[in-house]
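Number of protein chains: 2
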Amino acid sequence: MDNVSITVIRRLPKYYRYLEELIEKGITRISSQELSNITGFTASQIRQDLNNFGGFGQQGYGYNVEDLYRELGKILGLDHRFNSVIVGAGNLGQAIADYKGFEDAGFKVVSIFDRNPKVIGLQIRDIEIRDVELMADYIKENNVEIGIITVPKESAQEVADAYVKAGIKGIWNFAPTDINVPEEIVVEDVRLNESLFILSYFLKNKV
Amino acid sequence: MDNVSITVIRRLPKYYRYLEELIEKGITRISSQELSNITGFTASQIRQDLNNFGGFGQQGYGYNVEDLYRELGKILGLDHRFNSVIVGAGNLGQAIADYKGFEDAGFKVVSIFDRNPKVIGLQIRDIEIRDVELMADYIKENNVEIGIITVPKESAQEVADAYVKAGIKGIWNFAPTDINVPEEIVVEDVRLNESLFILSYFLKNKV
Chain A
1 MDNVSITVIR RLPKYYRYLE ELIEKGITRI SSQELSNITG FTASQIRQDL
51 NNFGGFGQQG YGYNVEDLYR ELGKILGLDH RFNSVIVGAG NLGQAIADYK
101 GFEDAGFKVV SIFDRNPKVI GLQIRDIEIR DVELMADYIK ENNVEIGIIT
151 VPKESAQEVA DAYVKAGIKG IWNFAPTDIN VPEEIVVEDV RLNESLFILS
201 YFLKNKV
Chain B
1001 MDNVSITVIR RLPKYYRYLE ELIEKGITRI SSQELSNITG FTASQIRQDL
1051 NNFGGFGQQG YGYNVEDLYR ELGKILGLDH RFNSVIVGAG NLGQAIADYK
1101 GFEDAGFKVV SIFDRNPKVI GLQIRDIEIR DVELMADYIK ENNVEIGIIT
1151 VPKESAQEVA DAYVKAGIKG IWNFAPTDIN VPEEIVVEDV RLNESLFILS
1201 YFLKNKV
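Taken in order, these protein sequences are the chains called A and B.
Sequential numbering of the first sequence, starting at 1, is according to my numbering.
Sequential numbering of the second sequence, starting at 1001, is according to my numbering.
Hints listed in this document are in silico derivations from the structure and should not be mistaken for laboratory results.
Be careful, since some hints might not be right.
Over the 12 Å line for every Cβ pair with chain B, so calculated as not near, a few chain A residues [said to hold, decoys possible]:
| no. | residue |
| --- | --- |
| 1 | Phe56 |
| 2 | Asp67 |
| 3 | Ile120 |
| 4 | Asp137 |
| 5 | Ala166 |
| 6 | Glu188 |
Short, incomplete list of chain B residues facing chain A, as computed with Cβ under 7 Å [to be verified]:
| no. | residue |
| --- | --- |
| 7 | Val1008 |
| 8 | Ile1009 |
| 9 | Leu1196 |
| 10 | Phe1202 |
Below are the SDA-like pairs computed for lysine to any residue, each with C-alpha atoms no more than 20 Å apart in a straight line [as the list claims (entries may be wrong)]:
| no. | chain 1 | residue 1 | chain 2 | residue 2 |
| --- | --- | --- | --- | --- |
| 11 | A | Lys108 | A | Asp98 |
| 12 | A | Lys74 | A | Gly106 |
| 13 | B | Lys1204 | A | Asn3 |
| 14 | B | Lys1014 | A | Val187 |
| 15 | B | Lys1025 | A | Arg81 |
| 16 | B | Lys1206 | A | Glu194 |
| 17 | A | Lys14 | B | Asn1205 |
| 18 | B | Lys1025 | B | Gly1073 |
| 19 | A | Lys206 | B | Glu1071 |
| 20 | A | Lys153 | A | Arg191 |
| 21 | B | Lys1153 | A | Tyr99 |
| 22 | A | Lys14 | B | Asp1189 |
| 23 | A | Lys140 | A | Arg81 |
| 24 | B | Lys1100 | A | Glu154 |
A quick note: this is a predicted structure, and the numbers were derived from the prediction, not measured.
Think of the CB as a built atom: it goes at the ideal place given N, C-alpha and C, for glycine as much as any other residue.
Isolated chain A, as found in the complex:
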């Protein structure tokens, strides 16, 4: 499982989402061909992708939707509950804290940190905004594994360093810049600017 390509791994959450939609529709089993029609990936690619993790289908039956959904969830680590914190209580930090969908998927935001005295003490849902000076202790005392960065790019590295020092294991980075962290720290970047530029590219270069 260690040498599954990142391209395959990035498709797993898509399969997971489509399976969730199938469950919502009451569909209990599906062939790789039907899955192909929905996802746009080829049936053989789907079979190959899933075979990396053990191959959950049965010849002539296809996939049991609920089983596959549950197994993919385990592979993605969604059977685990992750505590996370946010540094940066601006609109984006607040939007992430406010979105219950992440919590439902097992990612609970337990605190937000900022250095602006005007927002310290405020709450988003039941999540308090605390002074960033308290962050390191809070992370250690509350089993926090994920640190979310929603500060401007100029402060992103400083926040990343503080997260690493406090013992965080993974960073979800929304700042539009690269952060440098030790190899054992997992970093996932969300590049909203880049996504918008791709939209722009295709608007300009439409055939």
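Chain B: place on chain A using the hints.
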């Protein structure tokens, strides 16, 4: 230029971002090897990628940073100003409207729409939240090319349909579901859930 692969296109905004950082540092020229050290892509991949668009380097000189930055900007359509609107004035919609970085890059949010009377009439910066009933006329009268979707997934298709009917050309979709639109409409999805699940995967499957 029509048959450049999507993988190459998705690297362009990254080059653009790195070039911007080089300009900020006052660096005026760079070799593909130095660019490789910064970006993590190989020098030959960088040369190949850029050759798709005309090849801007000179043997023995490398790339002129400002020239390449400007040319990539043009290729990405960033020399064009796009008016955009948002449907969904929740935290995420407000965060996008409030982020001046998109406007600086040429993507101006000119209005937000919602159906909640409690938020209609409010302003984010100088951007008014209007009744979604007014959307179609507003889009036609204000040369709006991009529609942003920040509503829950249950309403995403309905918003997409309304955008298409109003004549929008591109959709930036933050709802965690696929939207179906005519082929000529450009759709760029931002899948925050999927990004978080990838982080989770690597946290669980860390070597």
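Hint check:
Interface exclusion of A:Phe56 from chain B stands, the closest Cβ pair being 17 Å apart, more than 12 Å. Against the 12 Å criterion, A:Asp67 stays outside the reach of chain B, whose nearest CB is about 18 Å from its own CB. Distance check on A:Ile120: its Cβ is at least 19 Å (rounded) from any Cβ of chain B, clearing the 12 Å threshold; non-interface status holds. No beta-carbon of chain B comes within 12 Å of the beta-carbon of A:Asp137; the shortest separation is about 22 Å.
Listed as a non-interface residue, A:Ala166 keeps its Cβ farther than 12 Å from every Cβ of chain B; the least gap is roughly 16 Å. The Cβ of A:Glu188 does not lie farther than 12 Å from every Cβ of chain B; its closest approach is about 4 Å, which violates its non-interface assignment. Interface restraint check for B:Val1008: the shortest CB-CB distance to chain A comes to about 11 Å, outside 7 Å, so the restraint is violated. At its closest, the beta carbon of B:Ile1009 sits 6 Å from a beta carbon of chain A; the interface hint therefore holds under the 7 Å criterion.
Evaluation of the B:Leu1196 hint against chain A yields a held restraint, the C-beta minimum of about 6 Å falling below 7 Å. With 7 Å as the threshold, the beta carbon of B:Phe1202 comes within range of chain A, its nearest partner Cβ sitting at about 4 Å, so the hint holds. Distance restraint check for A:Lys108 and A:Asp98: the Cα-Cα separation of roughly 11 Å lies within the 20 Å cut-off, and the hinted pair is therefore satisfied. Restraint check for A:Lys74 and A:Gly106: the C-alpha separation of about 12 Å stays at or below 20 Å, so the hint holds.
Between B:Lys1204 and A:Asn3 the alpha-carbon distance is near 15 Å, which keeps this suggested pair within the 20 Å criterion. Pair hint B:Lys1014 plus A:Val187 holds up; C-alpha atoms about 16 Å apart against a cutoff of 20 Å. Of the pairs offered as hints, the one joining B:Lys1025 and A:Arg81 is violated, with about 41 Å between alpha carbons and a cut-off of 20 Å exceeded. As the CA atoms of B:Lys1206 and A:Glu194 are separated by approximately 27 Å, the hinted pair breaks the 20 Å bound.
A hinted pair counts as satisfied when its Cα atoms are at most 20 Å apart, and A:Lys14 with B:Asn1205 qualifies at roughly 18 Å. Pair hint B:Lys1025 plus B:Gly1073 holds up; C-alpha atoms about 19 Å apart against a cutoff of 20 Å. Restraint check for A:Lys206 and B:Glu1071: satisfied, since their Cα atoms lie roughly 18 Å apart, inside the 20 Å limit. Pair hint A:Lys153 plus A:Arg191 holds up; C-alpha atoms about 12 Å apart against a cutoff of 20 Å.
With a CA separation close to 13 Å, the supplied pair B:Lys1153 and A:Tyr99 stays within the 20 Å bound. Using a Cα cut-off of 20 Å, the hinted pair A:Lys14 and B:Asp1189 holds, with the two alpha carbons roughly 12 Å apart. Distance restraint check for A:Lys140 and A:Arg81: the Cα-Cα separation of roughly 16 Å lies within the 20 Å cut-off, and the hinted pair is therefore satisfied. With a C-alpha separation of about 15 Å, the suggested pair B:Lys1100 and A:Glu154 falls inside the 20 Å cut-off, and the hint holds.
Against the hints set out earlier in the document, violations occur for numbers 6, 7, 15 and 16.
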